[in-house]
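Asks: Okay, here's what each chain looks like letter by letter:
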Amino acid sequence: MNSEPGAGPATGTPLSVRGISRRFGSVQALANVDFTLESGEIHALVGENGAGKSTLAKIVAGSIRSDAGSMSLFGQPYEPLSRREGAAAGVAHVRQQLSLVRGLTVAQNLQLGRPGAPAVFNAAAARAEVERWSDEFALSVPAETLVDDMPLAVRQQAEILIAVAWGARLLILDEPSSALGPLETRALIALCHRLRAEGTPILYISHRLPELAELADRLTVLRAGRVVVEGADVRAADLREVATLMIGDVTLLEVNRPEIERGSTRLRVSDLSISSTQEVGCYGLDFEVAGGEILGVVGIAGNGQESLAKALTGQVKLSSGHVLVDEVDISGSAREAIAAGVAHLHEDRSTGLAAAFSVADNATARYAGSRKFTRFGVRLPDKIARHARELAERFQVRPPEPTAKASSLSGGNQQKLMAARELEKNPTVLVAHGPTKGLDPEAAKAMRDRCFAAAQAGGAVVVISADLDEVADLAHRVIVLYRGAVTDAFPIEDMTSERVGAAMAGLTESAGATSG
Amino acid sequence: MADVVADGDLDDVRPTTPADEERRLTTSLSTSVLAVLIALVIGGLILLMSGENPLTAYSAMVDGAFGSSFALGETLSRAAPLAIVGYGTAVALRAGLITIGAQGQVVAGAIGALLTAQFFENAPSAVAIPAAALGGALFGMAWVLIPALLRARFNVNEILSTLLFTEFAALLIEYLLNNPLKPPTAITPQSEPYPKNGILGLVVDGTRFHFGVFAAFAIGIAFVWWIRSDRGFSYDLYGENPSLAQSLGISSNRVIINSLLISGATAGLVGWMQAAGLLQRVYVQIASDIGFFGLVVAFLGGATAGGVLVAALLFGALQSGGLAMQSSEGIPASLSDIIQALLLLGFSIRYAPQIIRLTRGVMANFTLIGKRRA
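Protein sequence lines correspond, in order, to chains B and P. Okay, so the first sequence: first residue is 1 according to this note's numbering, each after it adds one. Okay, so the second sequence: first residue is 1 according to this note's numbering, each after it adds one.
Bear in mind the hints are in silico, worked out from the structure with no lab data behind them. The reader is advised that the hints may include incorrect statements.
[Claimed, not checked] Distance windows between CB atoms, simulated:
#1 P/Arg-254 / B/Ala-123: 39 to 47 Å
#2 P/Leu-345 / B/Lys-372: 54 to 62 Å
#3 B/Gly-103 / P/Leu-345: 24 to 32 Å
Where is the CB? At the ideal position from N, CA and C, for every residue including glycine.
Start from the sequences and build out the full structure, keeping to the hints where you can.
Replies: Right, here's the structure in full:
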């Protein structure tokens, strides 16, 4: 612990980064980066996947070290050797993958690993502290609910709250809004502004440009490890130009929606209800999707999307109703759903892939138990590897190396690998849950094209997403979920932010009836 | 490094290459050798402190483990049951299930084998021997059936339930060998001698190397087949990511129940082997510590075919060598227990991350007992 204590006075520039470089193997992740975080500001760091944003964040937080360059924190030289040292110096890094320990409560997480925490856990004191901070920031973080039982947005608030309680003088938020719906994002922005008002500068990493205008004061653009724009005033900046600088190719953002011929009804959902103790269920859903049609399901995260995705893919027992694919009832049987040609892009890549398994095993996992690629019940590794390489190349998984572990791929390539597994054959029904979430523009475009291709091949596509832009890019028709019920349904042309916002917030008459 | 790549920040920086795999394998091999060496050095220090010459002790141990056909037979007949239990446990472990009930299933298997053998007392050996093996395996399966069903249906933690059933088995065998199964003339709790037509003969006379040891090879081959099979892959997939496996149509109940039944069957087979081959009678201590050391072997062997084999041979050699050292040099065999314990400790630290990953779900359940999943 050679860094200064976190309790010291916050004088001097909160963070100054000079000439930082970092190389991973053959990739120059960061090259001579200069960057300054001023006091009382929210500074947005934007760039594509792989631009080096997270690497920079990790260097500042102390989880990894730079090859060259220097940093100073509140005027003092700063050279953290570990994340723990960074935390002791007052730098808190809230990551994309949250680090709260599951199976524990927020109060327990608050004390776990806290510098200077008493050896014996004082439940009452910890609870009181969580409640105090929660009140101070006008949040409703429950102190004694298991982390597992909390929605993602609340977990994230809890993690920020813990960082502040631990004495963070500088906060790094890495892609905090990528899994949040519009209302939750709004709450996050409010929380950031409150933190700024309390004097905590924030380094805010994001792909999402629109929200930055409201959120941030200045922005820095990274491209391929280099600073392209440093500390521009967000309010004066032209976000379209920023997007161009970020990706160097603005046409990717404009989606060309292909003309798709409409077929007959392929997916028929009638009177679908699910009651679940784990998550929000579904109540009385009725809808149909035709071949060639893309239905968008929007709603704030945690309003029944999980249950719906599971129902459409046969993974959950229904309390009532049916899910018919080409008039075959697949409710409650994942096996029948697969046999009927239902494909599922999972929302979370960590649950949608076997991370410790190879690319080959992941790409062909849909055949598990089907005896394809086997002789006398034994799998044929060469055949599997060959097939996987073909699939990986067809779906542009980089590297298309069958023996590489899935966990060694980048997020975009993991998503492509999942698509390769699910979309090898044209699906009858594709359930795409947040298909472009957290992807860079190029990978996002590839995933959109996969959805269009599935529809063009005559499949019924259901896109479930908290991201309205994603749905607007893809869907022909939209239904809005609120607390597991449909509050509004309209063709995409009628989607206005007022209408969709009201339905998502449960402000329509039908919502009053179901939620009352 | 892994941390960096896993976050998906850098595209394609470090795919795992065969060279990486090789390096990892070499590293894990050298740490394993190192762990054995450290255990031997600490054991040597303990010997020095108690005034013995470590070199004499160790050479007596090696001699007692490999030095003669008797010693080799002893090592093999001790390693075989550990390997069999290890392979069975490994199947469950790979599916993400931690069964620690092998001890009780060995006991149940021994009882099952004895009862079956007594039933086929007048049948030809070609019938009686396989029948008793099957009987042992079925009793072992029966002993894990209730924990398996409880886990599948109510998510009852299998560590707790299988441990409890080991306790039941201990009580049951004590009752049986003191009452219905005890010969009228016997003073201590034991069964009648194992029926002659069901006994597994010796491969080499003057040793305890009996034909049952070959069952370990058969089970080893079956295990290699299993991990390469389509079904084995499905079970491994479930162990790695249960929700993905279920979404791909792999039945959670089937994986849980079948993999636990497989582990029960192998442990039951060991009960048969010990009764029909090694001891030729059933005693209260028939399972010795095989059940527990078999789990250790599965863990230390990383639930892989070669790893389990090597770990079983190592522990078999330590046990037979320790006893030989005691009889030849008068150094207590508990020294070999100490070395085994040190090895276990060393490997636990080495494999702590993997073990924690394997048990994380289970540990989470501990805190949830009674709270969730009605």
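Asks: Does the beta carbon distance between P/Leu-345 and B/Lys-372 stay inside 54 to 62 Å, or does it fall outside?
Replies: Violated - the Cβ-Cβ distance for P/Leu-345 and B/Lys-372, about 45 Å, lies outside 54 to 62 Å.
Asks: Could you say whether the range 24 to 32 Å given as a hint is met by the Cβ separation of B/Gly-103 and P/Leu-345?
Replies: Once the Cβ atoms are compared, 26 Å apart, the range 24 to 32 Å for P/Leu-345 and B/Gly-103 holds.
Asks: With respect to the beta-carbon atoms only, verify the hint that P/Arg-254 and B/Ala-123 lie 39 to 47 Å apart.
Replies: Cβ of P/Arg-254 to Cβ of B/Ala-123: about 41 Å, so the range 39 to 47 Å holds.
Of the numbered hints stated above, the single one contradicted by the structure is hint 2.
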